[in-house]
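Heads up: the sequence lines are chains A and B, in that order.
Residue numbering for the first sequence follows our numbering, starting at 1 and increasing by one per position.
Residue numbering for the second sequence follows our numbering, starting at 1 and increasing by one per position.
Keep in mind that the hints were calculated from the coordinates and are not lab data.
The C-beta atom is built at its ideal place from N, Cα and C for all residues, glycine as well.
It is possible that some hints are incorrect.
Stated by the list, open to error - Quick look at which bits of chain B chain A covers, simulated, 3 or more residues with Cβ under 8 Å:
| # | stretch |
| --- | --- |
| 1 | 75 to 89 |
| 2 | 227 to 237 |
Said to hold, decoys possible - A short list of chain B residues far from chain A (calculated; beta carbon distances all over 12 Å):
| # | residue |
| --- | --- |
| 3 | 92 |
| 4 | 126 |
| 5 | 137 |
| 6 | 193 |
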Amino acid sequence: MSTDIAVRTRGLTKRFGATTALADLDLDIPAGCTFGYLGPNGAGKSTTLRLLVGLLRPSAGTAEVLGHDVGRDHARIRTRIGYLAGDFRAPAALTGRRYLDDLAALRGCAGTGAADRLAERLGIDLDRRIGSLSHGNRQKIGIIQAFQHDPAVLVLDEPTTGLDPIVQRIFLTMLRDTTAAGRTVVLSSHVLSEVDAVADVVAIVRAGRLVVVDTVARLEARTRRHIDLRFDGPAPLDELRRTPGVVEVAAGDGTVRVTVEGSTVDLVRVLGHHEVVDLVSHEVDLGEIFLEHYEGTT
Amino acid sequence: MLLVGIMAGLWPSVRDVYDTELLEAYPEAMRELFDIDAMASGTGYLDVELFSIVLPAMFLLAAVGRGARAIAGEEQDGLLDVVLLGRPSRPRVLAEKAAGLTVGVVALGGALWCSIAILGPVVDLDVDLLALTVGSAAMVLLGVLHGLLALAVGAATGRRTRALVVAGTLALAGYVLHVVGALVDAVEPWRPLSPFTQAIVNGPISRDVPVGFASLAATSLAVTVVGAFRFARRDIGIG
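With the rest of the complex left out, here is chain A (with noise of 0.2 Å):
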């Protein structure tokens, strides 16, 4: 990973007349990176992604990409960021093939062939009319126009919305090489393990502030996690609530809910000795995380 600063906000804050969308952001995102910006709906996610292209202007701060201010220094960068907005559209009546030309040619990078390739490894026909397309296939089109020119950073606005899991571990293969090639991918979501999966650092973002940034593997070991478990005979209750990084078991209805605090490790060694008949985890909630941080920044 370079140590070049791919995109750096100073102060960057926006307001839509009396509400504070996002409050005096300071990011600092490493070249060749992939920066996950996690948040609830409503946090402010989609406001700074669009700070970082240059569609909202800031109420006040700077918001740079490759050094160079994206409101003022726009026409310098415009052919090196690539954008997928959250509610991406198209228009209807073009088929994909055309639609991406258009974009290819606007950007310069008309004829090299990338929308066919991307098209082949996302499994999409791009002689096909947008309008006729599921959303999920739409939402590929999305991926490939902001792919398409190469970019140096790629800012990506809840990406994965509407593809099936196979086509999502294809992209999140995509990134991974966009990042092994030296690109910049700074990518929101409101599910942790699709974040997970890819980034480097991850920042949590609640109501227009920046409450966290940390790497995926620091975050998981300071979250809490819900496990639901059904024994073969008794619950071994007692010996749960004093396994370390269990902070609560609650027994009801043939199943024990434990919740785990970072690793997994210790209940997993202590599970080895009981006959467990069924084992499910959740997802990690990031309700609770950002209650976690809240609690701690406040």
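Keeping the supplied structure of chain A fixed, place chain B upon it in accordance with the hints.
Just chain B now, with coordinates in the frame of chain A:
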């Protein structure tokens, strides 16, 4: 144009009717406003039947609709983001849209000119081609002004409806001022402010090029520049 064809086709019978005392039946104000006394000539017939209301309305509808769609419409449909990110600057995007709109309206004016120039002689509708050029240019300038106004308001606000309402209201106000100014002495001094008066005061089909053509072109340019200024500084896609 179908409309021009129909109106030209009606000319021989209309000419015969207007040769009679029918003209005398119109109130003096109506005769003055629409220059009905001129209906007995081909030029007057076209002025009254096409170039005074119908054609300006058609040019305005086409241009204002396109102007409101061009930026505000694309923005509200979620199509503008990638276009703006691919272009060097927002004012340039607006300039390209303005140029496209102007070319479209000029093409419409060209079609109008050709229709009358070709169909006129067929039905013995004698129209001077230079005067026809001035009349067609008047339609084009009215269309371009209001189309660019809709484009600029749409670019400045991101709202298609607002662009339509502002351009439509000003067009209506301009037309009312043009009409009322011809009938009411107290309003007459304000009449030159109306784009319609500026465009069609001499005919509209006339060999005299109105001075108002220059102010229509200048106003069109001015509203585009103001729209570009605001467009460059506002947020995109929050409407």
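For each hint, the structure was consulted:
no.: 1; hint: 75 to 89; in the structure: holds (count 12)
no.: 2; hint: 227 to 237; in the structure: holds (count 5)
no.: 3; hint: 92; in the structure: 9 Å, violated
no.: 4; hint: 126; in the structure: 45 Å, holds
no.: 5; hint: 137; in the structure: 33 Å, holds
no.: 6; hint: 193; in the structure: 35 Å, holds
Checked against the numbered hints listed earlier, the structure breaks hint 3 alone; every other hint is satisfied.
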